[in-house]
Amino acid sequence: MAETDTHVEGQQHPLGIYFKIWAWLFVLSTCSYMVDYLHVQGYLRWTLIIIFMLAKAGLIVAVFMHMMWERLALLYAILTPPVLVLIFTALMSSESGYTFVTRTIFFATAS
Amino acid sequence: MSETVVTEPGGPSPRPTGVEGFVGDWSSDQRAFKNVPWGKAMMWIFLVSDTFIFSIFLLSYMTVRSSTTVAWPHPSEVFALSFGGEPIPLILIAIMTFILITSSGTMVLAVNYGYRKDRFRTAVLLLATAAFGAAFVGMQAFEWTKLIVEEGVRPWTNPMGAAQFGSTFFMITGFHGFHVSIGVLFLIILARKVWRGDYDRGQRGFFTSRKGNYEIIETMGLYWHFVDLVWVFIFAFFYLW
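The listed protein sequences correspond, in order, to chains A and B. Per the numbering used here, the very first residue in the first sequence carries number 5; after that it's consecutive. Per the numbering used here, the very first residue in the second sequence carries number 23; after that it's consecutive.
It should be emphasised that the hints constitute simulated quantities derived from the structure, not laboratory data. Quick caveat: nothing in here was measured; it's all calculated off a predicted structure. Think of the CB as a built atom: it goes at the ideal place given N, C-alpha and C, for glycine as much as any other residue. Among the clues, some could well be false.
Residues from chain A shown here face chain B by an in silico Cβ test under 7 Å; the list is partial [as the list claims (entries may be wrong)]:
{"id": "1", "residue": "TRP26"}
{"id": "2", "residue": "LEU90"}
{"id": "3", "residue": "SER100"}
In isolation and in its complexed conformation, chain A is listed as follows:
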């Protein structure tokens, strides 16, 4: 066993932190549901949705998937590529805006 010195115990942590994060996930999910239930609209709605979503995702990846205890070599290799999706999002956002404008100009009577 060549790896004996490095990972023989694996990711073992006290149970307390899991229960704490579990509770937080419930609280955050309730919050994001309340955004819809209380009919929050406009930019406040979108901001709250994004904040609660990122907080939940962050807690799951950091604690439940043990990313906060991993070495940076793995953390950067896994977490940086998905960030590039934001560039794709920007591209498609501008593209769909263009499609919308052409549709309103050329199919105005059809819809």
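Chain A is fixed; fit chain B onto it per the hints.
Structure of chain B alone, referenced to chain A:
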């Protein structure tokens, strides 16, 4: 970081942490992920590719929703459910979200008890996770049935507004539900192996590991938490937006 570096008296000095450790790991020979078993590294890399698949689904959804000139149906009303009284908006989706979070919690406990070599608790928690996952898929089946049979939603049309609503809904939730179903299947397989003590004896076979090694449970956990993670984004962008 400190937990992952184990020093032995007289052994090699501990690996550096932080940026120095990052550069050291990547420029070293043999392997970049020093204290990560290969199965877990491969699962992470699979999850990155799966992230791109779901990203592309959600991106296409964003593109068709913001480019259509027809009004988009209100998810809040479409997914409302009434229990005899006033319809409660999005209630089924909220319950599904809570079920998935609960299953994530039982999964993380299973990983922990696996590393403690507590066979009984690990197997029970894995089965509980599978049961919550199955409940989730069941509720999704109910939701689909309601939408298809009662509301008349099809991938190419729906009575509430933009036709793209149906296609993106079935595509995104269908693919996610498929992931959950596969997860349930593997959870049951692993629970059976843990229960029999395959990992204590180092039994040879499908998805087994070295003797006394329960890291496969953590790898399974990564997949399951990822399914929960994807649902966080679907819930935010498809149901709440």
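Against the structure, the hints:
1. TRP26: 4 Å, holds
2. LEU90: 10 Å, violated
3. SER100: 4 Å, holds
Of the numbered hints given earlier, the model fails hint 2 alone.
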